[in-house]
Amino acid sequence: MPIPPTVTETVLQISGITKRFGTLVANDAISLTLARGEVLALLGENGAGKSTLVSILFGHYVADAGTITAFGNPLPPGDPRAALAAGIGMVHQHFTLADNLTVLDNIMMGSEPLWQAFTRRRQAREKLEAVARQFSLAVDPHARVGSLSVGERQRVEILKALYRGARILILDEPTAVLTPQESEALFAVLARMVAQGLSIIFISHKLAEVLRVSDRIAVLRGGKLVAQADARSTTQGQLAQWMVGHPIDLPQRRPATRVGEAVCVLRDVVSAASRERLAGASLTLRGGEIMAIAGVSGNGQVALAELLCGTRAAAAGSVQFLGRPLPADPALLVAQGVARIPEDRHAVGVVGDLPVWENAVSERLRSPAFSRGFWVRRRAARAHAQRILQAFDVRGAGAAAPARALSGGNMQKLILGRALLHPDSMPDKPVNPRLIVAHQPTWGLDIGAVAYVQEQLIAARDAGAAVLLISDDLDEVLVLGDQVAVIHAGHLEAPRPAADWSREAIGLAMAGAAEPGA
Amino acid sequence: MRLEKRHRQSALALVLAPVGAVAVTMLVSALLVLWAGAPVAQTYALLLQGGFGSVFALSETFTRAIPLMLTGLAATVAFQARLFNIGAEGQLYAGALAAVAVGGLHGGTGFDQIPMPLLFALMMLAAALAGALLLLGPALLKARLGVDEVVTTLLLNFIVLLVVSMMLDGPMKDPTAMGWPQSVALMGELELSKLVPQTRVHTGLLWGLGLAVAVWALMRYTVPGFDIRAVGANVRAAQFAGVPVTRTVVLVAMLSGALAGLAGAIEVAGRTSYVTLDMSPGYGYSGIVIAMLAALHPLGVVLASIFVAGILVGADSMSRAIGVPTYIADVIVAASLLSVLVATLLTQYRVRLR
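Listed in order, the protein sequences are those of chains R and C.
This note's numbering applies: residue 46 is where the first sequence begins, and numbers increase by one.
This note's numbering applies: residue 459 is where the second sequence begins, and numbers increase by one.
Simulated from the structure, these hints should not be mistaken for lab results.
Positions of the beta carbon are idealized from the N, C-alpha and C atoms, including for glycine.
Mixed in with the good hints there might be a few duds.
Unchecked claim - Examples of chain R residues lying across from chain C (beta carbon under 7 Å, computed):
1. 176
2. 239
3. 304
4. 393
5. 407
6. 419
Excised from the complex, chain C in its bound form:
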């Protein structure tokens, strides 16, 4: 069996590919639902209803989608330039920690004397900078010495988590938390307001949407956007055409790290109000999945993050109602990613048996 490049891609195939991918995903997941001994149709219905079927469901889905959107954008920017940033998880925590360092209820830092809008801006800036600087090292190592950034960014995640753990048990520990390892809380005035009363969805959603549009415009309409795409697609040709390659890689690292850092700050300011070691169930890693599902399109990231969040939230409520484990959500997300990748491949190649 081998793959053969298609000479032209038919329009029909391009339409059928995502439809086929969804069908395959549903089929694979249905088999597992059957294995768990539950009725397939009802399971899917409950899952959809739990994720998208009510104001409450939608608000939970959007709340979950906010950090995914930002880490998805972080992965998108980096992957467009072939900088494989696997460290969004660490950058998210670094951003969250920086946000609390600037805007936390430490007492005696004098920060509470600064006008709140300014302090809010400083808090966001600190979070963005923390994420950006964390990725700068691996990016420079890659650009200068050719060190594989997959390894360095991945391993940095564990280092960051240990640093966070140290801070939560040390200098930033909340003295009122009865010994739980959690940071001091953010000043109340710095928290993001709710978008819809009585729900958890907050204005971080607007940050996510705004940044998605900004990244899209950057990629499409600007010189650095061209540089990023050119470096990602063919670095030698980019260099020949006069693209400043090292500067572009550094810029991409700063952007990607900043987006992941903001994800952490927005989670703290919008949802948790302090840092804990389990504030992210792997949002940094899920961002990669979302970027791939969105085919590295910044606006696609918005849809992909809402889809993934909806599946995760819906699976929680479906599981409570019918007893299929919530792991089915991971299966659906993973299966959809794989089927989308295969479907994309099949629009470009045909399979020849023999």
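Isolated chain R, as found in the complex:
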């Protein structure tokens, strides 16, 4: 990579970092350098070792072997204060701000000496304003953090690091919670920081944005540094291959061919007040079509998913399923042909302590297929579980093992198989679900499993099912959705064909802005 000679000064040197957790090698002799004014992306799947590496860098963990040198001085291990003092700042994915305090208080917190009678608020504010001006990060120092948007809070986190004199900034999955516009704004901020000589480590698993923002990309897989590349000379396909270790077909857009009748109709649905709610949502789901719901998480997605999964009832409005009111009972729902993929596969999808085979039939245990009155038909249940394991290629644990022994991807395949494979289904006479409710179905999965899950959803759609896909991942929404609707503050924007949306329009709708020209 032709790095201009002015920026080749190395600010951070990681050499031979190794960290083991039991038998698991989370980091295996990783060596990396970071130059002044450079954006280095750390790319890798869940469990590749990205978080472990930056936790060591920031002093949360102590490495078993290896050294770190920052600005020419060795960094003492296991000491976050030393990391801060050396000019390393970290912006966590989950913000570490106190909602009930102002921006200024949050930024001052921890940076004032303990034995000082009065806080130096005026100096602090002046310093904060100077830093904000320097990087064009406008924020009201007296605003309460709880009243800020997610993007603004992230800005406060960045300011907090800069206020403490960070010259190296680590950002952990910074775009996971942002709208596309907010992401663009963040990238502009990063560009300004780099231009002023700061260095950035940008952690992500999203290929497109990594190519977009970074100068250099380091790919981790299974704890090893498998590749480093110049962002300008590599491609998404190449990066994906490094991440998973073998060539991979990224999912392609396949539009719906035969859109059928309305399967499920929501009209002015209001859900009971809770942390997030639906406030008059209307939607029509048609057979043979994927309706993708985009939105910043926390805008009513959970309420919508729970409503259609039968675990929450509507307080007002109507939900019609195949012409009748949708029952608020999971077992009835499943019996009537609703296939459900919950957001949190560990906490809601399976009972981890119970065996795989019991989880494979848990939704239909009350049907005659798997119980006769009081008694469970164990043989039939085990046979069906075995069928799911084979048909959906669930590996890593047998039918008798507890479900928690499965990896995330295999657990999701089990849930998918449970939802999609009807016990009466025969190869020549398949019984397909009428409606599929998939809430974040690929969240946290590795690329291979993502492709598998997406293919299954497309196949189910082509077999005639109406699919509701709720996802925070805009790329997924745009690849899978035939129709796209945006959810904001409990309202659903009228859905439009995916081709009629631009990323910008979706982003504006996600932020709740009126769409331009509409």
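Chain R is already provided as a structure; the job is to place chain C on it using the hints.
Quick look at chain C alone, frame taken from chain R:
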């Protein structure tokens, strides 16, 4: 020092864990025996002999094991569903009181006109119902309002004991008991027959064994059994899969309370024939220990209750012979529980120093 999850559990560790737990228990108890100034080997020998070494010893052990088995099952059913029923002691007394209310020699109630087998069934039913209803309140409070059932069931024990005391000094007082606070006796025909002549062990043992098998089959082979385990292991996932959560919690409460209530009725019908305030030396609480020792396995409860009963009975006779206080029995039971729990933990986690 911290714990780290083991990625796989070795078969050797699973075998060694209980052996190690027994060894640690013996070691800890041996230290106390030494402190009491007695020879360790002889103490253990006497203890084993007193608990298991003769027909008489075994019959006493089994007699003691019967109520422990039932309260152990009560705790097992409830704990499987994460309903922490600490109230088996109260439910036991409620069951005993209900049994005497139905089958006691009150005179003039007309109950003695009912055919005895039917009255026996009614007596058992009343005891089961009394225990079940006593736990129903805390279970509903938990399911509907999230009230902590540990607190409510524990405190109910004291209320029940006071009610029992009131009944024993009031309406149910035995007029022939020379002023002792004890209830009227059960009708003779309702008492459980002896399993072995000349001993105290009675057919309650068969009730215990039968109920243990029934609970085991319920848990393993039935839909409600799945519901109970699913609700206990992960209530959100259970609800998502369509398990009727509130109904399951109520069912568990009824089952657990009924088992503890039956423990009371069977004690009265098999051993004491009337209710006194000291008929249970904490069988309800020991049931929790037994359920934990059995790792919440209904058939394990049978073995655990016989083990605990044997230690308690053996310690009595050992203490008479050699002068080590009977408290050593409590130490052994407590130490064995703790070592089993630690051993189980160590099969799943490894300890990292530093």
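Evaluation of the provided hints:
1. 176: Where the cut-off is 7 Å and the nearest Cβ of chain C is about 38 Å from residue 176 of chain R, the hint is violated.
2. 239: violated (39 Å)
3. 304: violated (29 Å)
4. 393: holds (5 Å)
5. 407: holds (4 Å)
6. 419: holds (5 Å)
Violation of the numbered hints given earlier is confined to hints 1, 2, 3; the remaining hints are satisfied by the structure.
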